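Working from the sequences, and respecting the hints, build out all of it.
These protein sequence lines are chains A and B, in that order.
Throughout the first sequence, residue numbering follows the working numbering, covering 2 to 320 in sequence.
Throughout the second sequence, residue numbering follows the working numbering, covering 508 to 808 in sequence.
The set of hints was computed from the structure by calculation and includes no laboratory data.
These numbers were taken from a predicted model, which means no experiment stands behind them.
By construction, the Cβ of each residue, glycine as well, lies at the ideal position given by its N, Cα and C atoms.
Hints may contain errors.
Stated by the list, open to error - Label-pair restraints from in silico Cβ distances:
no.: 1; chain 1: B; residue 1: Thr-766; chain 2: A; residue 2: Thr-179; range: 32 to 38 Å
no.: 2; chain 1: B; residue 1: Phe-569; chain 2: A; residue 2: Ala-222; range: 58 to 64 Å
no.: 3; chain 1: A; residue 1: His-22; chain 2: B; residue 2: Gly-640; range: 20 to 26 Å
no.: 4; chain 1: A; residue 1: Asp-109; chain 2: B; residue 2: Phe-561; range: 40 to 46 Å
no.: 5; chain 1: B; residue 1: Trp-554; chain 2: A; residue 2: Pro-217; range: 47 to 53 Å
no.: 6; chain 1: A; residue 1: Arg-211; chain 2: B; residue 2: Phe-515; range: 21 to 27 Å
no.: 7; chain 1: B; residue 1: Trp-554; chain 2: A; residue 2: Ile-97; range: 26 to 32 Å
no.: 8; chain 1: B; residue 1: Phe-569; chain 2: A; residue 2: Ala-221; range: 42 to 48 Å
Unchecked claim - Selected chain A positions facing chain B (in silico; Cβ < 10 Å):
no.: 9; residue: Pro-29
no.: 10; residue: Ser-31
no.: 11; residue: Ser-114
no.: 12; residue: Leu-122
no.: 13; residue: Pro-128
no.: 14; residue: Pro-162
no.: 15; residue: Thr-282
no.: 16; residue: Leu-311
no.: 17; residue: Ile-315
no.: 18; residue: Arg-319
Here's the letter readout for the chains.
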Amino acid sequence: MSVTDKKISRFLSTSWMTSEHPLPWLLPASALMIVFGIYPLLYAIWLSLHRVPAGRRQMVFDPLFNWTKIFVDPNMIAALVNTFVYTFVALTLQMILGLSIALLLDTDRRGYSILRAIMTLPLVMPPAVTAMIFLLMLNGSFGVLAHGLFALGVLDPAQPPILANGSAPFSLTLLGETVKILPLAMMGVILADVWQWTPFMVLIMLAGLRSLPKEPFEAAAIDGANSWQMFVRLTLPMMSKVIAIALLIRGIDIFRMVDYIHVMTARGPGTATLTLPTYATQEAFTKGVFNYSSTIALVTLILIILTSTLFMKIFRVRL
Amino acid sequence: MQSRSSIFIRDTFAIAVVLLFMFPLFWWSLTSIKPDYAIFDKDGINWVNFEPTFDNYRVTVFGQSRLSEVEEKGFSVGNAGAGSYDSRQSLFDSIIIALGATLISVGVAVFASYALSRIPFRGRVSYLNWVLGQRFMPPVAIVVPLVLIYRDFGMRDVNNIFLGYLGLILIYALMNLPIVLLLMKSFFDDIPKDVDEAAMIDGATQWQAFWRIVLPMVKGGVAACAVLCFVFAWTEFLISLMLTTDIRTVPVKISTFVTSTGNEWGFISALGMAGVIPGFIFIILVQRHLVRGLTLGSLKE
Numbered sequence: 002m003s004v005t006d007k008k009i010s011r012f013l014s015t016s017w018m019t020s021e022h023p024l025p026w027l028l029p030a031s032a033l034m035i036v037f038g039i040y041p042l043l044y045a046i047w048l049s050l051h052r053v054p055a056g057r058r059q060m061v062f063d064p065l066f067n068w069t070k071i072f073v074d075p076n077m078i079a080a081l082v083n084t085f086v087y088t089f090v091a092l093t094l095q096m097i098l099g100l101s102i103a104l105l106l107d108t109d110r111r112g113y114s115i116l117r118a119i120m121t122l123p124l125v126m127p128p129a130v131t132a133m134i135f136l137l138m139l140n141g142s143f144g145v146l147a148h149g150l151f152a153l154g155v156l157d158p159a160q161p162p163i164l165a166n167g168s169a170p171f172s173l174t175l176l177g178e179t180v181k182i183l184p185l186a187m188m189g190v191i192l193a194d195v196w197q198w199t200p201f202m203v204l205i206m207l208a209g210l211r212s213l214p215k216e217p218f219e220a221a222a223i224d225g226a227n228s229w230q231m232f233v234r235l236t237l238p239m240m241s242k243v244i245a246i247a248l249l250i251r252g253i254d255i256f257r258m259v260d261y262i263h264v265m266t267a268r269g270p271g272t273a274t275l276t277l278p279t280y281a282t283q284e285a286f287t288k289g290v291f292n293y294s295s296t297i298a299l300v301t302l303i304l305i306i307l308t309s310t311l312f313m314k315i316f317r318v319r320l
Numbered sequence: 508m509q510s511r512s513s514i515f516i517r518d519t520f521a522i523a524v525v526l527l528f529m530f531p532l533f534w535w536s537l538t539s540i541k542p543d544y545a546i547f548d549k550d551g552i553n554w555v556n557f558e559p560t561f562d563n564y565r566v567t568v569f570g571q572s573r574l575s576e577v578e579e580k581g582f583s584v585g586n587a588g589a590g591s592y593d594s595r596q597s598l599f600d601s602i603i604i605a606l607g608a609t610l611i612s613v614g615v616a617v618f619a620s621y622a623l624s625r626i627p628f629r630g631r632v633s634y635l636n637w638v639l640g641q642r643f644m645p646p647v648a649i650v651v652p653l654v655l656i657y658r659d660f661g662m663r664d665v666n667n668i669f670l671g672y673l674g675l676i677l678i679y680a681l682m683n684l685p686i687v688l689l690l691m692k693s694f695f696d697d698i699p700k701d702v703d704e705a706a707m708i709d710g711a712t713q714w715q716a717f718w719r720i721v722l723p724m725v726k727g728g729v730a731a732c733a734v735l736c737f738v739f740a741w742t743e744f745l746i747s748l749m750l751t752t753d754i755r756t757v758p759v760k761i762s763t764f765v766t767s768t769g770n771e772w773g774f775i776s777a778l779g780m781a782g783v784i785p786g787f788i789f790i791i792l793v794q795r796h797l798v799r800g801l802t803l804g805s806l807k808e
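What follows is the structure, given as structure tokens:
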């Protein structure tokens, strides 16, 4: 028997076709992840290295074209700033609100379980529907929220409606481009995001609070600590891992979110609500520039990976 | 230690906060039963000063044509656009696609997660990282190539409803895979390995131990995964918007009611309500596993 024959017979007789071997178990899932995950990702990389010359239909290999365009595209700066501002502001608000509401609802008294269940409802709504709800409520002529803000004097009815209003409290000049930080339209979008996803934070924080041991709090109470001291010295440190995981999961989701901006402001006015994923969407489906769109999408992916890896290293959590 | 008045203040405050949070939903459901004159009230916000009507639901969910509405009442509900507001097809499509995606991702992931939980092999950690890595992927990064891939394979807008369904179902199944896989793994990890080992000492194969003994023990977990999958596929917007124009799932259908001559808020809110009710029912059913599901099994309640 030759060496090859031995190898073949060993291959056939080993247990990879039996249920004791992991391969048959993993095969269907792996196939799905390769065909619909890896292959499109490689295709996206291939697209980013090609371009369609003017007046032609065939793509030509030009690896630097899109990757240099990224660095000189003024929209990219706006999109980059907007994406980070959107993620940071929405995440911070959701965290603060979520933790506060969780503390409020964290009790075993009767009726509170109903309140907690009601709080989870927004989580299962299509974000496109949430976007529509806020589009209606922020409408300048008959929106209930807009009218409320007029009555409070926060907004001026003579100004353009919130979602079409690009005026901003701050601005920043980057590489010769002036970028508005947090325009009104962006605040409207963030409002919808915060409304829908604060319940996520409430839910996770409640789970965290429930898992805390009772003894340290009893000891602190005997030592005469007030509730604020207990919150800062005991609750927060013991909850840090839970908080970090919640921030990570939500952060990634907000960073790549398209639905609210697409429905509520269509990335406008101007570039006021243009973010990286919405920019990629726009390039592909309103302009048909698939190559550049893929490049932007890949930049988004790289930034998500870099930011979350850094976050995971600093806070020592895993996704 | 807490006094009666401080308990009262807390209760009131808690109820007020939750009610305030639910206001958008209340307003949305109120809008869905308003006639147009109450929605577009130029005099201010119309809270209760209208005749409640189910016309918006009749047109969007039950497919009554607006023409027959005009003949019956002498006036038209809705004011803009010639597009079709009958959304029965969208509801049907959404249900088929969400069910299909749920079936495939749960069906595929249950096996993989069992192996990842029970069978030690080299590269197990790398495999888990690969699965987790999917979570970083912005949907737009795979949709753009997939549009081209589907076009090349003749799967995009070919007036073949089955191919259209399949195209969306497979992508949703993939997007759901990390959630189901990691969540199922955490449910399998909860069951001691002794259970399988005892079965295998009695002569069962790994497959029999899985199918006959362990899988029935995690029924609740499978149900929770299925619900999360269904909700995800039901609420997804970007992929179905970009990938196909033949099939409009409910979220995409709603966005088509925004017309250049005005938004049909009555119809939008009625279909919107129809689009959120299934999720509400399901989420109440799996409250217990919600935290674990949303954190991919890394936190347990």
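Hints, verified against the model:
B/Thr-766 and A/Thr-179 have their C-beta atoms about 35 Å apart, which keeps the hinted 32 to 38 Å range intact. Under the hint 58 to 64 Å, the C-beta atoms of B/Phe-569 and A/Ala-222, about 59 Å apart, fit the expected range. The beta-carbon spacing between A/His-22 and B/Gly-640, approximately 24 Å, falls within the hinted interval of 20 to 26 Å. Under the hint 40 to 46 Å, the C-beta atoms of A/Asp-109 and B/Phe-561, about 41 Å apart, fit the expected range.
Remark: the range hint 47 to 53 Å for B/Trp-554 to A/Pro-217 is upheld by a beta-carbon distance near 49 Å. One distance hint, 21 to 27 Å for the beta-carbon pair A/Arg-211 and B/Phe-515, holds here, with the actual separation near 24 Å. For the pair B/Trp-554 and A/Ile-97, the supplied restraint of 26 to 32 Å holds, since their beta-carbon distance comes to about 31 Å. In this structure the hint that B/Phe-569 and A/Ala-221 lie 42 to 48 Å apart at CB is violated, the actual value being about 60 Å.
Interface hint status for A/Pro-29: upheld, as the beta-carbon distance to the closest one in chain B is roughly 4 Å, under 10 Å. Taken as an interface hint, A/Ser-31 checks out: its beta carbon lies about 8 Å from the nearest beta carbon of chain B, inside 10 Å. Given hint, A/Ser-114 at the interface with chain B, holds; its Cβ is 9 Å from that chain's nearest Cβ, closer than 10 Å. Given the 10 Å rule on beta carbons, the hint for A/Leu-122 holds: about 6 Å separates it from the nearest Cβ of chain B.
The interface hint given for A/Pro-128 holds, since its Cβ lies 6 Å from the closest Cβ of chain B, which is under the 10 Å cut-off. At a threshold of 10 Å, the smallest CB-CB gap from A/Pro-162 to chain B is about 13 Å, leaving the interface hint violated. With 10 Å as the threshold, the beta carbon of A/Thr-282 comes within range of chain B, its nearest partner Cβ sitting at about 5 Å, so the hint holds. Taking 10 Å as the C-beta cut-off, the interface hint given for A/Leu-311 is violated, the closest approach to chain B being about 13 Å.
Hint on A/Ile-315 is violated. Least Cβ distance to chain B is approximately 17 Å, over the 10 Å limit. At a threshold of 10 Å, the smallest CB-CB gap from A/Arg-319 to chain B is about 7 Å, leaving the interface hint in force.
Checked against the numbered hints given earlier, the structure breaks hints 8, 14, 16, 17 and satisfies all the rest.
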